[in-house]
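Put chain B on the given structure of chain A with help from the hints.
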Amino acid sequence: MDTNEFKASFDRIRGEVERALVGQTDLVEHALIALLARGHVLLEGAPGLGKTLLVRVLGQVLACDHRRIQFTPDLMPSDVSGGNVFNQQKGAFDFLKGPVFTQLLLADEINRAPAKTQSALLEAMQERQVTVDGVTRPLPEPFLVMATQNPIESQGTYPLPEAQLDRFMFKLSVLAPSHEVESAILRNHLAGFDAQALGRLNLARVITPAGLLDMQAHVRGLRVDEGIVTYIADIVCRTRGHRSLYYGASPRASIALLHGAQARAAGCGRDFVIPDDVKSLAPAVLRHRVGLQPDAEIEGMSTDDCVAEILRDVRVPETIAA
Amino acid sequence: MSCRVLLCLLAVTLGPGPVLADGVVAPGIAKSTPEPRKAVAEVLASRRFEYCHDANYPLTPSEKNWCDLGAGANAQACPTLAAACKRDALAKQIEPDRPLTFHLPDLGLPLRLILWTLLALVVAMLIFVLARHFLDRESKDLVTTAAPSPAEAEAAAALAREVETDVQRLLERARAEANAGDFRAAIGTAYAALLRRFEGAGLLRVEPDQTNGDYLGRLKRERPAMAGRMAEVVASVELAQFGETAVTRDRFDGVWSAVTGLLAERVGILVVVFGLLLGGACGQPRADWEHSPSGRAGVIAFLGKRGFSIHERLLPVAKIGDGKAEQLVLLPAAELGDEEWRAIKKWLDGGGKSLVIAGGRHQLPGWVGMQVIEHRALASAIIVPGDADAKRWGALQVRVPEANQLECRAGSGALLRRGQTVYAARRWLGKEQGSRVVVLADDFLLRNASLLVADNAAALDLLLRDGGLSNEMAGDLTGLVSSNPIESVQRGRLGPALLQLAAFLLIFFACKGARFGRPLSMRKIERREFAEHVSALGLHYARAHGARVALGFLGAYAIDRLRERCGLHVDRSLSGLADAVATRTGRPVGKVMRLLLDARDAGRGAPAENDASDVEDMAELCKLLDETGGTGGHKRIQSKL
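Chains A and B, in that order, are what the protein sequence lines are.
Counting from 1, one number per residue, gives the positions in the first sequence under this note's numbering.
Counting from 1, one number per residue, gives the positions in the second sequence under this note's numbering.
These aren't lab readings, by the way, just hints derived from the structure by calculation.
Cβ coordinates follow ideal geometry from the N, Cα and C atoms, glycine included.
Ranges of calculated distance between the beta carbons of each label pair, as one might list FRET restraints:
hint, chain 1, residue 1, chain 2, residue 2, range
1, B, 604, A, 91, 53 to 59 Å
2, B, 254, A, 12, 29 to 35 Å
3, B, 254, A, 65, 44 to 50 Å
4, B, 221, A, 191, 32 to 38 Å
In isolation and in its complexed conformation, chain A is listed as follows (with noise of 0.2 Å):
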């Protein structure tokens, strides 16, 4: 696959996305992203904003096999990767396979669940294999999580613990629509669009599941210059020792900047990656793997503004300032 019919790839599968979900341009460009460069999406928004959506949408565009988990306090880690149930027939047991096993997941507000069940997944989402009575089995590629959080409710609800959000690439805001795109999705909505019958959309199929692995592939090729891999490293570094942070992010932050920079360059149609790549995507990658001062969060600083005050101290690669 070269640069070229990447792109094109890239633009048909976030054209038909689009076509269904409107208004949700970065949210789209990111999924995507996170899908190329082997990651997972965490999305925090209220409810209604598209998110369950997205997930339906994206599986019926890339041909892929998904399903959802609505995560509710009493669910068993069981209930998410499977178990083995005992066969009278057989008199053995036999594995039955969790919801895992599928090629998009939908974690539909996974802080409701406790933590042992939110680490059900821990082994899945890094490893992409689940392991159920000492027998470890592959999980199906390509393999994407996407898990929803609500940031408004917080009874009932268990925060996810760091392991667990360090290992979703990227944390994304849904923010509510503008007033136009409002407008746009009650005019879809008139014109008959129905979001449990995508099907009369007629969303094409734009690539095939070995095609998205084909994709995932070239994006690992791409062009890294060494002063992108510095830029990289300045950035995180920057991030522990920063004084309104009480930990700053791992290497495994790092990794998920560079892919996601690898993933975005090939989604502009560049083989090489630049610092915009990098800029772009690291608010997304680094805001939910640092934690704030409890004095910064009292003078109401976000993890964002830090990021964006470590990107303000970083220098470039190749400017021209002094």
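Just chain B, lined up with the frame of chain A:
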């Protein structure tokens, strides 16, 4: 101004002696020297004297006066002036800036002493503060350079790197790098030139954290029409910088042509804007003033052709004794004080040959023996030789616009007369044929337009020739060169401004003390409320899964505050407090009681249900504090919790 200086220097031609008008040969004039009319024609043949080559040349109202005197009739030397004379006066006369004179009042010795002492103190304090600041910085530098980290070393190297911001030099450097085969660097430098140009135009600001995408975004907002071409340049530059291991000449040529194209566009816009500004400010735009009819470039060139050596004097007139000029010509713009006049007198007494004063507002000293009187209603424009040297001048006729006349005292001889009034006069200092002073009523004879009228050129030649061939002109540039900074301040009349600056510094120093001049953090430092400290501590504990402890702290604080606000200093029971709080806030008594009990139990170390419920309780307590009349800090805490 610098053009004038160059002209003066370039116009100097060393040639043998001159020839007077119409066959009258003056002593020491070589035969090869062109006669005055021919010399004038040769000078004005230069295209720089546009009024002689452009029929639409705009004249000023005062220059039109030369037309009435027949300047346009000399078609051989100046073919188009007659046509220019027929047009309306369109160009604006630029009045020379009048220097602002400011003298401090005489304050008397004690006050002057106080003033100078204060000034000295201010200067000393400033030096002390600056020295201490630099010493502090050096000591800090020593500490930090003891073990620089790689990041610090990189930052120091980046700071030490030369940053070129001049667009022309950047382009030259790009060319040089390309010629040396370093195409990658050349592309970067050419791109830097483009960015610097845009920065100069205020379209963007080059900062170390800005990416090309940031610059492009800014340009899209400011100049959408230009953004497309800029995007192409950026794509090529980024390909060279991050995408290619070997950059080719073709790549550089592509970037170069795109960059120069964009730069040319910017320059074009600037030229148009400049032209509009110029047009708006000065009426019809005109070529340089020195080559206009009112300038002197033609006169200097003419005198050069006639064998004179003539320079514009840059050093102060007070130092005239150090020069080697035989004759000094004082133009109206020359600034002369008593010191200068004394120096001139001393120079004349010590061997200086001639002083020519060409009009002006000077109050001439007594030893000159003449005074210029402003008079605008004279009888005739025609000027004829006077009594002195009448034979040498012969039948020369001079015509200049009417302006001033001279008042001569005993010992002065009229060289040129306009009717009954004297236009030019001479006085010998000491014995005859020694040093002389010649005074002209104005400086019209030394204007370019004058060369075309009557026998003015020949008369000027004759007038100056007796004073020697080595001449210096003192005008508005004279004295601009200072030998030391103090003199520079004196000449620039910056004394009052510096005094004001010193006063400002003194006031700032008095207000800010030693901190003045040091970089201070702009961050506002304010004391946090106690509640905020409690909340911060609570968050710390909650994060470490110790929300129970935090609730205990906050609970104890909240119960105390609530008792205080409800006025329950005697009744220490929780049920009484819950009743009072419920009454004030309108909440159910049961809920308030449960909250207060939880808070009290947490302080006593009772086990928690879970962290989430403890954090929730803290938020509720903050709400209660707020509703019962908090200071507002609780609202902020509440939003955090």
